[in-house]
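Per my numbering, residue 79 is the first one in the first sequence, and the count goes up by one each step.
Read the hints as simulated data drawn from the structure, not as lab findings.
Hints should not be assumed to be uniformly reliable.
[Unchecked claim] List time: in silico SDA-like cross-link candidates among lysine to any residue, alpha-carbon distance up to 25 Å:
1. LYS673 to ALA696
2. LYS519 to GLN564
3. LYS426 to THR318
4. LYS888 to ARG914
5. LYS919 to ARG862
[Claimed, not checked] Just the calculated beta-carbon pair ranges, DEER-fashion:
6. LEU173 to ASP342: 46 to 52 Å
7. ILE867 to ALA759: 49 to 55 Å
8. GLU101 to VAL948: 26 to 32 Å
9. LYS929 to ILE867: 23 to 29 Å
10. TRP194 to GLY97: 51 to 57 Å
11. GLY626 to LEU173: 23 to 29 Å
12. ASP809 to GLN880: 39 to 45 Å
13. SER110 to VAL628: 38 to 44 Å
Ideal Cβ positions, reconstructed from N, Cα and C, are used throughout, including at glycine.
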Amino acid sequence: MTLDSRFAPGDVEPRLYAGWESEGSFACDPDSNAQPFTIMIPPPNVTGSLHMGHALTFTLQDTLVRWRRMQGRDALWQPGTDHAGIATQMVVERLLAAEGKDRREMGREAFLERVWQWKAESGGTITTQLRRLGASLDWPRERFTMDDGLSAAVKETFVTLYNQGLIYRDRRLVNWDPKLQTAISDLEVENREIKGSLWYLRYPIEGEPGQFIIVATTRPETMLGDTAVAVHPDHPVYGTLIGKRAILPLVGRSIPIVSDTYADPEKGTGAVKITPAHDFNDFEVGRRHDLPMPSVLDRQANITLEEIEDVLTTAADTTFVRSLAGQSRFAARSAIVAELERLELLEKIEPHVNQVPHGDRGGVPVEPFLTTQWYCNAGVLAKPAIEAVETGKTVFVPKQWENTFFAWMRDIQPWCISRQLWWGHRIPAWYGPDGSVFVAKDAADAAVQARAAYGRDEELVQDEDVLDTWFSSALWPFSTLGWPEQTKEVARYYPGDVLVTGFDIIFFWVARMMMMGLHMMGDVPFRTVYIHGLVRDEKGQKMSKSRGNVIDPLELIDSFGADALRFTICSLTGPGRDVKLGASRVQDYRGFVTKLWNAARFCEMNGMRPDPAFDPAAAKLPLSRWLLDTANGAVAEATAALEVYRFDEYAAAGYRFVWNNFCDWFLELAKPLLTEGADPADAAEIRAVGAHVLGLILRLLHPSIPFVTEELWDRFGYGEPCSLIGAAWPDAVPVTEAAAARAELDWVIRLISEVRSVRAEMNVPPSKPSPVLLRDAPAVVLARVDRWIEAIRRLARASDVQVLTGDVPKGSAQAVLDETTIVLPLEGLIDIAVERTRLAKDRDKLVIEAKKMRQKLDNPEFVSRAKEEVVAENRERLAGFEAEIARLQAALDRLE
RNA sequence: GGGCGGUUAGCUCAGCGGUAGAGCGUCUCGUUUACACCGAGAGGGUCGGCGGUUCGAAUCCGUCACCGCCCA
C-alpha cells in the first residue's frame, strides 16, 4: 500500500461516497431487530443550493447518524425537499419574465407544468451538494412535499381538521403582500424600523364651524376609509367631543367621535383616526363600535374608491378624490398630504420612527387587508404540544429554547393557511352555485356531498387557493413514512429521535410539527429538539449577499476537503452558540486531518498492520497499556459528549487523543522500540497495539471526518472497502494494571518535559546533548530510567542518564521532579546567574502558592466547614509544595 | 416596552462552587529518517463593573453597563 505524502480529498471523496451509496450503507432496515434511530431532515427548499447554514445543520445530523449507526442502531436519516410555494413560484416567474412571459397569460395548468419541468431539471442541485458534504441520507427514500404520497397526507389532514372544526373559513384582516398578491401568515411578516413622519390632521367638527379635532397618523393615505375618530374617555380636552361627529376631509363623510381606550392620551394628540379595513387595531375598534369597514386599497395596494362610492356622490372634493383612484399607496400619501395642506387641514408634521411590517419574501410593506381566508385553529392544537414539552415528552437542547417555544405557543393566533398562489397543495374544498362549501379528498367525494346537500348534481368549482407551504412541512415526520397508509415505517420510525434545526425555525416548523404530530398521530414527532446557532462570518456578522460576506461551503470543500469543513463545524459548535466561521478556521482544522494522515503513514512505514487476533488485555508493555488506557478515556469522553450533543467536546476529545497522546507520545516513545536491534517481541506488541489503536481512532473520528478515516481504514485493510461506515463504535477494553502504566508513563513524560524545558530556558542548542543526572532518585525511578533510557536520550537530548551520588558538578542546571532532582551538567553552556534567577522564580511561584494554601488551612472555618476530601487534598498539596520548595532551595544553595 | 443570550489570554471559545484552561495567533529555538498543513519551549488573564451569599465565587443571587437576538 504506501500512502501518499498528502491526503487528497478531491480524489478520495467522490469515490468513497459512491462506494457507500452503491453498497446501500446509508439504508435503514425496517425488518431489522435493532433499535431504530430516526432523524428527519429539515427539507431544504427545492430551489435552494447548499449554504453554510445547511453545512452546519447537516454536518451535525450526519455526525449523529453515523455515530448511532456505528453503535448498531437501525438508523434512518430521511431525505427530501420542500416545494417552497412562494420561493419556487418566484423563481419560475422570474425565468418566465426573462422570456417575456407571464403566468397569468399562460394559465394555471401550463404554469404548473412549467414549474414541474423546472423542478425536474434544477431541483436536484441541493441533493447533489449534500453528497459532497458526505451526508449519509437514505436516498432511495427521498421524498418531496408535493409528491403523491405527501399530497395524500395533506388532504387527509385538511379534511380531518375541517370535519373537527379546526380548519374553517373566516373574513377578517390578514397580512396581505401587495407584491406577491397573497395573504401571508403573521410569521412571514418582519417588522422593519422606518424613519417616517407623524402627520397631524384637522378633522372639522360637524356643525361647529372653525372647530377641529386633530388626529395624529402615520398613514394619511388610508384616511379615505376612516369611519370614526377614537378618543380616550378620560382625555382632558377631547373627552367632551365624544358623541359628536366629525367631517372626514376630502370625502365629506360624517363620522362619529367614539370613546375607546385604544386611543392613548399620551401619544400624538390623543385622538386617532379609525380605518377598520386597513389596520389591525382599528379593525378591533371598528368591531367594538359596529363601524363600516370600507377598503380603500386594492390587492396591489392601489387606491380604490369602489367601497366608498356611496359617500363620494355627495363629497366636497370629488374631483380630487377621484383623481386618486388607481394611484399607489405611496403616491396617494403625497397627494393627500399636499391637498390637506392646501386646505389648511394639516396641523403639523413630526419626524417619527415606526415599525413597518414587510413581507419576508416580497420585501415590500404588507397591508392589513379584509378578505376571506382559510384558518387553522392553532390555539386548540397548541395545548397538547405545550403539555408535551412541559412534561418532557419532547425535550429541547439547550433547554433554554423551551421558553421561546412556550411564549409563542401560549399566545398563538389563528394560522392563516390559504395562499393566493398556484404552486402548492390546492385546497381540497369545492363550492356549489350557492356558495356552499364541500371539503373532500377529491372532486368525486365533494360531488357526493353536494348531491346529498342539493338533492341533485350541481357543478362544483374547486377553491383556487393553495396551502401555506408549512402546512405540508408540518406533516413531514409522518407523511414521509407513508402515512396515511399504515406502513411498517410509520410504526417503526415514528416518533423520531431527534430533530436538529436552527432557532429561526422553531415557530414556523418545530411548533407546527408538534401540533400536527400530536393531533394526527397521537404522539410527539420527536423526543429531542436540538437547536443550534447561526453561521456567521469571522467577525460575527450575519452572512448576507448585501454584505458580501457569504462563504460558499462548496468552495471550502474544494479548497480544504469536506472533512476539514465538517471537523471545523463540530469543533466550533458549542451549546447555544452561533458559529463564527471563516476560511482560515477551516484551513487550521485541515491541519488535524493532515496530522492524522501522517500518523497513519508512520504506522504504515513501521509495519503496523491490523491484527484481529490481538488481545489488548494481553499487552505487557507499560507503553501499550498506557495507550490502551488513554484510548479508553478518549472513547468515554467522545461518547459522553455525543450523547449530550456536545459536538465541540467530541471533536476536542478526538483531537487531543490523536495529537497529544497518540502522536506526541505514543509514536515518539515507540520509535526506539521499533528500531533494528530492539526486542522483537516488544516491537511486535507495539506494532499490534499501534494498529489496534489507529483502528480505534478511525472509528472514533469517522462520524465527523468520514472520508479520511474510511480511506485509511480501507488502505490498511481493517475491513472490506467502504466498511468503516458500518464498523462498530469503539468500547472500553480491559487493560491490565492500568494504574501502574499510567504512573510510569506520566513520570517519563514529565521527566522529558522538564529536561526540555530547562534546556530551552537556558538556551542550550539542541545540537548539544548533555548528560542527565538524577539525585535522590528512589529505586522505582531508577528502574524506569533503565526501561526508558533510549526514549529519554532521543526526546530529551540526553547523552546519558546516570545516578548522581556525589556533589553537583559546577555550572549545572537543575530541576525538581517529585523526590528526584534532575541535574544537567552544562558548564560553559549556561550562565549561572540566569540559572539562579530561573530556580528562584520557580521557587517563588511555589512559595506564593504555599502561602495561600497555608492561610486556607489555618482558617478554622475552612477546616471545619469544607468537605473532608477538599481539606485533605489541600494538605497534600501544601506538603508537596513545601517539599519542592526545599529541593529548589537546595539546588540554589548548591550553585554557590 | 417585555423576554432571552453574551461579556474569561491578542482572536475564537470551553469551564459554571474548591489549583484559571484549549485551539489559533505571538515570541524564542530547531529540519532528530510520519508530518514545516511539523517539532520543542516560552510569554500572555485583578474571568465586564459594583454589591451580596459562602470557610471558599469565573462559577450562585442582586444590580448596573455594553453587545447581539426574539417578541410587541
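Consistency of the hints with the structure:
Taking the CA atoms of LYS673 and ALA696, the gap is near 29 Å; set against the 25 Å cutoff, the hint is violated. Only pairs whose Cα atoms come within 25 Å are accepted, and LYS519 paired with GLN564 is accepted, the gap being roughly 18 Å. Distance check on the hinted pair: LYS426 and THR318 sit about 23 Å apart at the alpha-carbon level, within 25 Å; holds. Between the alpha carbons of LYS888 and ARG914 the distance comes to roughly 13 Å, so the proposed pair stays at or under 25 Å and holds.
Between LYS919 and ARG862 the alpha-carbon distance is near 29 Å, which puts this suggested pair outside the 25 Å criterion. Taken as a hint, the range 46 to 52 Å holds for the pair LEU173 and ASP342, whose Cβ atoms sit roughly 49 Å apart. Between ILE867 and ALA759 the beta carbon distance is about 18 Å. The supplied range of 49 to 55 Å is therefore violated. A C-beta distance of roughly 55 Å is found between GLU101 and VAL948, which places it outside the suggested range of 26 to 32 Å.
The hinted window of 23 to 29 Å between LYS929 and ILE867 is violated, with their beta carbons roughly 39 Å apart. In this structure the supplied range 51 to 57 Å is violated for TRP194 paired with GLY97, their Cβ-Cβ distance being about 33 Å. Range check, GLY626 to LEU173: about 25 Å between beta-carbon atoms, so the 23 to 29 Å window is met. For the hinted restraint 39 to 45 Å between ASP809 and GLN880, the CB-CB distance of approximately 44 Å keeps it satisfied.
Remark: the range hint 38 to 44 Å for SER110 to VAL628 is upheld by a beta-carbon distance near 42 Å.
Hints 1, 5, 7, 8, 9, 10 from the earlier list are contradicted by this structure; the remaining hints agree with it.
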